[in-house]
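Residue numbers (my numbering): 2 to 98.
These are computed hints drawn from the structure, not numbers from a lab.
Note that this is a predicted model, so its numbers are computed, not measured.
Careful, some of the hints might be misleading.
[Said to hold, decoys possible] The calculated EDC-like cross-link candidates involving lysine to aspartate or glutamate, where the alpha carbons are at most 20 Å apart (straight line), are: (1) K41 with E83; (2) K30 with D6; (3) K30 with D19; (4) K33 with E47.
[Said to hold, decoys possible] Simulated DEER-style distance windows between Cβ atoms: (5) Q17 with G37: 25 to 35 Å; (6) S9 with N51: 24 to 34 Å; (7) I53 with G25: 13 to 23 Å.
Idealized CB from N, CA, C, for every residue including glycine.
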Amino acid sequence: MWNEDWASQAACRASQPDQLFVRGAEQNKAKKLCAGCPVKAECLAEALENQIEWGVWGGMTERERRALLKRNPNAKWRAVLEQARTGAGNRAVEATV
């Protein structure tokens with residue numbers, strides 16, 4: 002089920018923003034925080050749908066998100082990620098990513 006109030010359940014909710022808006026190798030540390038997050042898909046959808054340019058969101062850096070958006074400019078990210086979570090949209094996700 003999609004969580005509209007995802008930010009309150011994010012693994013990073015108690016983190017300092019400085020930990021998520023970093024450059025270079027520090028991004029890998031931020032991505033590790035996302036790895037087990039229960040709302041990783043919601044976070045990533047938020048960043049992709051709003052084309053947020055800075056920080057690590059949903060386990061992806063700005064560079065990774067930019068590349069994904071460039072390859073799939075018209076994707077409906079919430080729908081894609083919601084289907085991926087349920088396993089119902091594996092082919093749709095593979096085609097998009």
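Hints, one by one, checked against the model:
no., hint, result
1, K41 with E83, "holds (11 Å)"
2, K30 with D6, "violated (25 Å)"
3, K30 with D19, "holds (12 Å)"
4, K33 with E47, "holds (19 Å)"
5, Q17 with G37: 25 to 35 Å, "violated (19 Å)"
6, S9 with N51: 24 to 34 Å, "violated (18 Å)"
7, I53 with G25: 13 to 23 Å, "holds (19 Å)"
Comparing the model with each earlier hint shows violations of hints 2, 5 and 6; every other hint is respected.
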